[in-house]
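S.K.: Single-letter residue listing:
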Amino acid sequence: MIRLAALALPLLVQIPAGSYRPLYSTAGEARVAVATFRMDRDYVSRRSFAAFVVAHPAWRRDSVRRVFADEGYLANWAGPLDAGTATSPERPVTQVSWFAARAYCAAQGSRLPTVDEWEYVAAASATQRDASSDPAFRQHVLALYATRAARAADAGPVHERNAYGVRDLHGAVWEWTLDFNSVVVGDDSRASGSGANARDNHLYCASAALGATDPSNYPAFLRSAVRAGLTARTTMASLGFRCAA
Amino acid sequence: MRVFSIAACAAGLLFAGAPACSRPEPAARTPAAAAATQSFSVYDLGSTWRDQSGATRSLDSFRGRPQVVAMIYTRCTSTCPLAIVELKRLEAATDSSMGLLLVTLDPDADTPQVLAQYAREHGMTGPRWTLLSGSASDVRDLAATLGIRYRRLTPDDIAHSNLLTLLNAQGHVTRQHAGLADDGLISAAQSLASTARTR
Amino acid sequence: MKHTTTSPIPIIAARTIGAIAIATAMVLATASLTGCANADATPASGRAVVLVRTTTEAIEGQEVAVLTDAPNVPPPITRTHPTKVIVNLQTSEKTMRLADSVEYTMWTFGGSVPGKFIRVREGDLVEMHLTNAANSTMPHNIDLHAVTGPGGGAKASLTLPGGESVFTFTAMNPGLFVYHCATSPVPMHMANGMYGMILVEPKAGMAEVDHEYYVMQSEFYTHGKFGEHGLQTLDMEKGIEERPTYVVFNGSVGALTGDKALQAKAGERVRLFVGDAGPNLTSSFHVIGEIFDNVYAEGGSVANHNVQTTMIPAGGATIVEFGVEQPGDLILVDHSIFRAFNQGALGILHVTGDGNAKIFAVKKGLGVVGQ
Numbered sequence: 001m002i003r004l005a006a007l008a009l010p011l012l013v014q015i016p017a018g019s020y021r022p023l024y025s026t027a028g029e030a031r032v033a034v035a036t037f038r039m040d041r042d043y044v045s046r047r048s049f050a051a052f053v054v055a056h057p058a059w060r061r062d063s064v065r066r067v068f069a070d071e072g073y074l075a076n077w078a079g080p081l082d083a084g085t086a087t088s089p090e091r092p093v094t095q096v097s098w099f100a101a102r103a104y105c106a107a108q109g110s111r112l113p114t115v116d117e118w119e120y121v122a123a124a125s126a127t128q129r130d131a132s133s134d135p136a137f138r139q140h141v142l143a144l145y146a147t148r149a150a151r152a153a154d155a156g157p158v159h160e161r162n163a164y165g166v167r168d169l170h171g172a173v174w175e176w177t178l179d180f181n182s183v184v185v186g187d188d189s190r191a192s193g194s195g196a197n198a199r200d201n202h203l204y205c206a207s208a209a210l211g212a213t214d215p216s217n218y219p220a221f222l223r224s225a226v227r228a229g230l231t232a233r234t235t236m237a238s239l240g241f242r243c244a245a
Numbered sequence: 001m002r003v004f005s006i007a008a009c010a011a012g013l014l015f016a017g018a019p020a021c022s023r024p025e026p027a028a029r030t031p032a033a034a035a036a037t038q039s040f041s042v043y044d045l046g047s048t049w050r051d052q053s054g055a056t057r058s059l060d061s062f063r064g065r066p067q068v069v070a071m072i073y074t075r076c077t078s079t080c081p082l083a084i085v086e087l088k089r090l091e092a093a094t095d096s097s098m099g100l101l102l103v104t105l106d107p108d109a110d111t112p113q114v115l116a117q118y119a120r121e122h123g124m125t126g127p128r129w130t131l132l133s134g135s136a137s138d139v140r141d142l143a144a145t146l147g148i149r150y151r152r153l154t155p156d157d158i159a160h161s162n163l164l165t166l167l168n169a170q171g172h173v174t175r176q177h178a179g180l181a182d183d184g185l186i187s188a189a190q191s192l193a194s195t196a197r198t199r
Numbered sequence: 001m002k003h004t005t006t007s008p009i010p011i012i013a014a015r016t017i018g019a020i021a022i023a024t025a026m027v028l029a030t031a032s033l034t035g036c037a038n039a040d041a042t043p044a045s046g047r048a049v050v051l052v053r054t055t056t057e058a059i060e061g062q063e064v065a066v067l068t069d070a071p072n073v074p075p076p077i078t079r080t081h082p083t084k085v086i087v088n089l090q091t092s093e094k095t096m097r098l099a100d101s102v103e104y105t106m107w108t109f110g111g112s113v114p115g116k117f118i119r120v121r122e123g124d125l126v127e128m129h130l131t132n133a134a135n136s137t138m139p140h141n142i143d144l145h146a147v148t149g150p151g152g153g154a155k156a157s158l159t160l161p162g163g164e165s166v167f168t169f170t171a172m173n174p175g176l177f178v179y180h181c182a183t184s185p186v187p188m189h190m191a192n193g194m195y196g197m198i199l200v201e202p203k204a205g206m207a208e209v210d211h212e213y214y215v216m217q218s219e220f221y222t223h224g225k226f227g228e229h230g231l232q233t234l235d236m237e238k239g240i241e242e243r244p245t246y247v248v249f250n251g252s253v254g255a256l257t258g259d260k261a262l263q264a265k266a267g268e269r270v271r272l273f274v275g276d277a278g279p280n281l282t283s284s285f286h287v288i289g290e291i292f293d294n295v296y297a298e299g300g301s302v303a304n305h306n307v308q309t310t311m312i313p314a315g316g317a318t319i320v321e322f323g324v325e326q327p328g329d330l331i332l333v334d335h336s337i338f339r340a341f342n343q344g345a346l347g348i349l350h351v352t353g354d355g356n357a358k359i360f361a362v363k364k365g366l367g368v369v370g371q
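Residue numbers (my numbering), protein chains in the order written: chain A, 1 to 245; chain B, 1 to 199; chain C, 1 to 371.
Isolated chain A, as found in the complex (with noise of 0.2 Å):
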């Protein structure tokens, strides 16, 4: 039964095309178009990745380049490829780096979603394709994030399924998307000033407020503070992933 499951192709879930409504929006543009793509069902869980490690010696924790992965990565398994029993194997892999969570989709024949359509799929409730302006959904966002730790610590996986029949995008970990280093700008007319003051970063301050659609989508401030913080090498306990096609 195990073993089947751990062989079994992740399950992708067909995106319609659509819109959404960015954080940021860039050159005026209030919605972004987003094609039709496939997206995990569900995150990468730990006994994935250790499969994917095994067959894949260069991302064991113990011969990864540093370049590609900083000193935390896979550092809460019990061994280089030993995922352990203290937390579940379908709980979600963390402390993976971005380009080990590239390499393992790449490996599936897939890739990592953009951040576009991420937040697209992220912006469904359980009952609506675009709960993004829904208090009510919002809310039970933040409850899920202010509870993650408490909820992380139960054995079994959460399985909270939106609108497209998508999994567990806000209720277990972070998730890396492929353009994750997307600059956080001010749109195009409020840009147009001289050089000089480009060069000063003091503005990202500022601008990358001035940008912002909806001051009140706290939701998407905190996935946009933590994209803000990490490189390509960065591992987290509290961030995983998630592949699309």
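These are computed hints drawn from the structure, not numbers from a lab. One thing to keep in mind: the hints can contain errors.
[Stated by the list, open to error] Restraint ranges, calculated between C-beta atoms of paired labels, are given here:
1. C:G300 <-> B:P155: 22 to 28 Å
2. A:P215 <-> C:I291: 40 to 46 Å
3. A:G109 <-> C:P313: 56 to 62 Å
4. A:G109 <-> B:G64: 35 to 41 Å
5. A:A106 <-> B:T56: 21 to 27 Å
[Said to hold, decoys possible] Cross-link-like lysine to aspartate or glutamate pairs, in silico, DMTMM-like; alpha carbons within 25 Å at most:
6. C:K265 <-> C:D329
7. C:K94 <-> C:E237
8. C:K84 <-> C:E57
9. C:K94 <-> A:D168
10. C:K364 <-> C:E290
11. C:K238 <-> A:D130
12. C:K364 <-> C:E321
13. C:K238 <-> A:D214
14. C:K84 <-> B:D183
15. C:K225 <-> A:D134
16. C:K225 <-> C:E237
17. C:K265 <-> C:E237
18. C:K225 <-> C:E241
19. C:K84 <-> B:D182
20. C:K238 <-> A:D134
21. C:K363 <-> C:E321
22. C:K265 <-> C:D210
23. C:K265 <-> C:E241
24. C:K363 <-> C:E290
25. C:K203 <-> C:D293
26. C:K358 <-> C:E325
Note that the structure is predicted; figures quoted are calculated from it, not measured. Using N, Cα and C, we set each Cβ at its ideal position, and we do this for glycine too.
Fit chains B and C to the supplied structure of chain A, relying on the hints for placement.
M.R.: Showing chains B and C alone in chain A's frame:
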């Protein structure tokens, strides 16, 4: 200075109550000035590029000489020329033991020929200068590794961090600086160059 | 072809205003300080000048700052020279008591709400080491209002879980200052408990007192009603509407009552370092049964005297000093009194010892039987 700082942050708070001062630069995992040498070599990315002469260049080929690195694109008319001014200040402040490396964020437009023309127009000729173009994926990898953020806004515009990175002869990041090169960056570059000379 | 930068027009305006202000300040300072060897914002003439400050004093030695949890305050500084002070502060996220049978996952500086109290001397070079616990879920940073620099240090200190950032600043202005997290979204980080205070003692030091205490008022916005049991989470709608569920001193209901009441003896001198973290409300700080002998309003350098209630802005602080003459319970409140009665903004300063009947005596009334 205080007046300005407060004004900048207040604007952030006022307009959206938002990312006040969370910069899109990479969060520090080391001291803020990134003065501590990182434990990894950027050259271990292992990617292969083309320089302004059209020659194939592996990142490995840069080993042995410290480099100042900036990521720019040639159609950029505002911040990138300023980055080049800074690189030239660093060129003047150091000798030939320090390399100067520009990598395009727009590899589709910035072919080796375009980069060569750009180098001529901006007086970035001579053996110390390298301008690189590569695949979009390799550009993204390098930017993501150096903590450079960028996003294409229109076909002609790419918003991006204006970050100068100092790499030692092994390709380890020894210092990063946003905006104008300060005295600390220049003296760090001089010290790296002098280490490389005596080696 | 237009290049996109990251500089919005409002900031260009702010910059210009800043430049004008700085230029003006320089002119004023130059004009006013001619022949004045000892720069001071309040010279004998009584007319305030605007200073463009610089650091000229040599930094001697180095020490690691003693940090304390509320209501305790680090010991007074006895040094007479500036030194390098290393401050090691860790952000962490943990579930703690907000009221009886009510818990909240607080985001903290140093594991408690309010965060650690930092005490330095005017002119000190502070080396701030901000670490973020590996099991945190959020990046955090610190904006100290005592810092002259970008974002009060926030720009230099965004720190991922498991990471560390370091920046230095010179404590240029004496006073009592709030610090807080400024990571996006700022109101959430503050509403979850990320604030504390830093005291920059003036070079001349502070008058000796018998007790110093650290008190910080703040609000919590929970999805459940006041007193509703269980783990509560942030209700951001209540935050936006400025309708707090809790208004408390030192991070929870009852943090300064019962066994945890502040203590003094009749005849002693008390100094309270009082901050208001907000995130929204201004405090009308009052101690029932006392009159403040000295109030350093807004944490600044000028003392007002004989004050009943002092206003503390959100993101501001004040220092109040008074002698306690009578035994009994002095009650700390926000005199916006529903907050004290219904939302938790109440603390006790318990005074023991002998009273002075000339100052206060009950002669007749419900509490006085048989006289």
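S.K.: Under the criterion that the straight-line Cα-Cα distance not exceed 25 Å, is the pair K364 of chain C, E321 of chain C satisfied?
M.R.: Status violated; Cα separation ~32 Å.
S.K.: Per the hint of 22 to 28 Å, is the separation of the Cβ atoms of G300 of chain C and P155 of chain B within bounds?
M.R.: This hint is violated: roughly 54 Å between Cβ atoms.
S.K.: Is it true that the CA of K84 of chain C sits at most 25 Å from the CA of D183 of chain B?
M.R.: 22 Å, holds
S.K.: What's the verdict on K225 of chain C and E237 of chain C, does the C-alpha distance respect the 25 Å limit or exceed it?
M.R.: Roughly 14 Å between the alpha carbons, so the hint for K225 of chain C and E237 of chain C holds.
S.K.: Hinted pair, alpha-carbon criterion (25 Å max): K238 of chain C, D134 of chain A. Please report holds or violated.
M.R.: Holds - the C-alpha atoms of D134 of chain A and K238 of chain C are around 15 Å apart, at most 25 Å.
S.K.: Given the hinted pair K265 of chain C and D210 of chain C, is their Cα-Cα distance within 25 Å?
M.R.: 9 Å, holds
S.K.: Run the distance test for K94 of chain C versus E237 of chain C: straight-line Cα separation, threshold 25 Å.
M.R.: 23 Å, holds
S.K.: K265 of chain C and E237 of chain C: Cα distance at most 25 Å?
M.R.: Status violated; Cα separation ~44 Å.
S.K.: Under the criterion that the straight-line Cα-Cα distance not exceed 25 Å, is the pair K84 of chain C, D182 of chain B satisfied?
M.R.: 23 Å, holds
S.K.: Does K94 of chain C pair with D168 of chain A here, judged by a C-alpha cut-off of 25 Å?
M.R.: 23 Å, holds
S.K.: Does 56 to 62 Å hold as the CB distance between G109 of chain A and P313 of chain C, or does it fail?
M.R.: Hint holds: Cβ distance 58 Å, inside 56 to 62 Å.
S.K.: Measure nothing beyond the straight line between the CA atoms of K363 of chain C and E290 of chain C; if it is 25 Å or shorter, mark the hint as holding.
M.R.: Holds: K363 of chain C and E290 of chain C sit about 20 Å apart, inside 25 Å.
In this structure, the earlier hints numbered 1, 12, 17, 21, 23 are contradicted, and the remaining ones agree with it.
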